[in-house]
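Protein chains in written order, with the working numbering: chain A, 143 to 399; chain B, 171 to 326.
Take these hints with a grain of salt, some might be off.
[What the hints assert, rightly or not] Here are the simulated DMTMM-like pairs of lysine to aspartate or glutamate, each with C-alpha atoms no more than 25 Å apart in a straight line:
hint	chain 1	residue 1	chain 2	residue 2
1	B	K225	A	D334
2	B	K197	A	E267
3	B	K225	A	D321
4	B	K197	A	D321
The set of hints was computed from the structure by calculation and includes no laboratory data.
Source: prediction; values computed, not measured.
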Amino acid sequence: MNSVRSLGAWVIKAIIGWGRAGLFLSHALTAVVLVLRRFGLVVQQLFSVGVLTLVIVLVSGLFVGMVLALQGYNTLVDFGAESQLGLVVALTLTRELGPVLTALLFAGRAGSALTAEIGLMKATEQLAAMEMMAVDPMERVVAPRFLAGFLSMPLLAAMFTLVGVIGGHLVGVGLLGVDSGVYWSSMQEGVDAHADIFNGMIKSLVFGFVVTWVAVFEGYDATPTSEGVSRATTRTVVGSSLAVLGLDFVLTSLMFE
Amino acid sequence: MNRGALELTVGLFVLAGIGALALLAFKVGNLSAANSGESYRISARFDNIGGLTVKAPVTLAGVRIGRVSNISIDRKYYSALVELSIEPKYDNLPVDTSASILTAGLLGAQYVGLDPGGEETFLANGDRIEITQSAVVLEHLIGQLLFNRAEGGGGS
Chain A
143 MNSVRSLGAW
153 VIKAIIGWGR
163 AGLFLSHALT
173 AVVLVLRRFG
183 LVVQQLFSVG
193 VLTLVIVLVS
203 GLFVGMVLAL
213 QGYNTLVDFG
223 AESQLGLVVA
233 LTLTRELGPV
243 LTALLFAGRA
253 GSALTAEIGL
263 MKATEQLAAM
273 EMMAVDPMER
283 VVAPRFLAGF
293 LSMPLLAAMF
303 TLVGVIGGHL
313 VGVGLLGVDS
323 GVYWSSMQEG
333 VDAHADIFNG
343 MIKSLVFGFV
353 VTWVAVFEGY
363 DATPTSEGVS
373 RATTRTVVGS
383 SLAVLGLDFV
393 LTSLMFE
Chain B
171 MNRGALELTV
181 GLFVLAGIGA
191 LALLAFKVGN
201 LSAANSGESY
211 RISARFDNIG
221 GLTVKAPVTL
231 AGVRIGRVSN
241 ISIDRKYYSA
251 LVELSIEPKY
261 DNLPVDTSAS
271 ILTAGLLGAQ
281 YVGLDPGGEE
291 TFLANGDRIE
301 ITQSAVVLEH
311 LIGQLLFNRA
321 EGGGGS
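Isolated chain B, as found in the complex (with noise of 0.2 Å):
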């Protein structure tokens, strides 16, 4: 092989290569999404949190509008604090929106689903959504269901 078909195959390899990295972060992995601008972030307190974690998707009216960038107790209120950045594109989100802790499907992963109130101002950096919804415990729930059946069947 001559000295310019190696050359070049060598710098094809290369190109290949970098090409088949920057394809995995745009194509498999989020930087694509990632890199939209700086996202804004609104803090919620919810009672309990279920199975939420940390990078769980924020949707609105089903749409993801961002996600869950952290969770912490709040050592006062003995609640969690539920840390959610916004893509900025979606600044618009009235003061008065509330939040709840849904399950995707029967067993699917847990993610943060926001209401929107009617309030004409809207949520900015920092703030904190008031109205908030906590998981569903299927334990809390079947206990609570149980604890009906009892008590419907003693009044009868």
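Next up, chain A with everything else stripped away, as it sits in the complex (with noise of 0.2 Å):
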């Protein structure tokens, strides 16, 4: 019986927090649109959620070029088709890993850092001190890092990939002898720009919107304790990743038939 109960306790509080975090992206929406007219605000979050992250991005991008490169010609070869090596890489970067992976970097160095940021703000009492000076802290604080984070994501899918495909190049053509030229030329054969660039970029930036709204809820929802913060931050990188997954599934299963 007891079960039971905190089974249904367990739900009520799950669709508690599902309804106010609907309620607080309305409001953060709101408040982006307030915030365009004070654009100094973002090109700082900017800073911080995307060109901070940029050195990891372009580090994974390149060793995940690599190794894909790598482990598909040690496939290819022995069917043959290593001159596909091109195309076998920068498909599965601009389709998949790319927009995944990035988001997945980005849930755990921007949107940890969002969280924790936000979170400490509350828990510091510096956003109640803001409503005291009729600072409304979804505009000053909440939505430019909302903004910020959803501009990032795409651009920063889009520099993973592009290096993720030098670094096949690296190795495909430096270490393994593929030829540069076939390299290009099957990969332009055969993707698409609007197929397989263009999806993948709106995935990112669906992958972007979740991260940032993920870890800007978290932080203005946590308990305004260390202990609240800490957890608020786990929650945001196990729930983002997870919602990143789950989605890019979805996406993959309406996008590529």
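Two chains, two separate frames, one set of hints: put the complex together.
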């Protein structure tokens, strides 16, 4: 009886959480419209959310591309199809790994920082102080971060994919002896600008939206203690990573038949 | 970090992102090839297309001049109707050009190879290639070989 009761309590809590997140989103989106007038705040956040995430994204992209080329070559060479290496690397990166891995890295690097920052602002009553001064924390704190996260994700994903393709070129052409012209031409033959690259960008936009939403909401909703902030940070990384992977399946099944 | 340097780095970041996207579209994707004007479409009827797929290359003398844009079944003749979209600069294919479905390498992907004829009039948008040669299906080939051998063995 008790376990059924705790299940019910858990479900109610989950639904209330979803409702709060939805309300928070609608507030944040109205504030985003207002913050467009003060774009300096957004630029500042673009730096801490986007530019500071760039290094880890570029390094990971390079290594992912190199590993893809290495593994792909070993499989393809059995079928005598190593000329298709460029296509394998490019399609894997543009369709899946570019958006998904960037979103996971983004959740770990930028999302956790957003949650911790906002959570700490709440714990040290900075948000309450802003309200006392008739400054809306939604507009001043949340909206610039939200917009910056949403804007920087597709840019980061594009750079990840490009660096990955270059990494694949380094290993495939430099190390394994695939012809450079064949590497690029097999790619251009098979990668469609609309179906593959554009859809990949849509994916990264959706992921950027979801990760930033979860991160900012968890920070704003955190219990204002040091323990609460640390829990909220964990929830951000776990929740947004799961959301990204789940959404990726849905989007892939809708986009690529 | 002062304000100017911050804005500069963010600007560079945004530019790098957009540049990466453009490079992806042009260098990795086929945007540069797709934008070379409106291509024209011709069709060809085959008895069997084997493993031909949409987007497969169409070649003339081994050079790619277009791609397969659509494959459907002709309900009247129970044959495959393949629509080829050809780049506009190759607008001088004679009307008696023949099309055959070939395979790149032993196990490679299938493509459509065109052999130009000798007529003075050229194929235009919506025209149909009349002379076609179907794909070679390995099972048919083996079946035919076995049949011929059996026939030859019985005769001697």
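Verification of the supplied hints:
{"no.": "1", "hint": "K225(B) <-> D334(A)", "in the structure": "holds (10 Å)"}
{"no.": "2", "hint": "K197(B) <-> E267(A)", "in the structure": "violated (51 Å)"}
{"no.": "3", "hint": "K225(B) <-> D321(A)", "in the structure": "holds (24 Å)"}
{"no.": "4", "hint": "K197(B) <-> D321(A)", "in the structure": "holds (16 Å)"}
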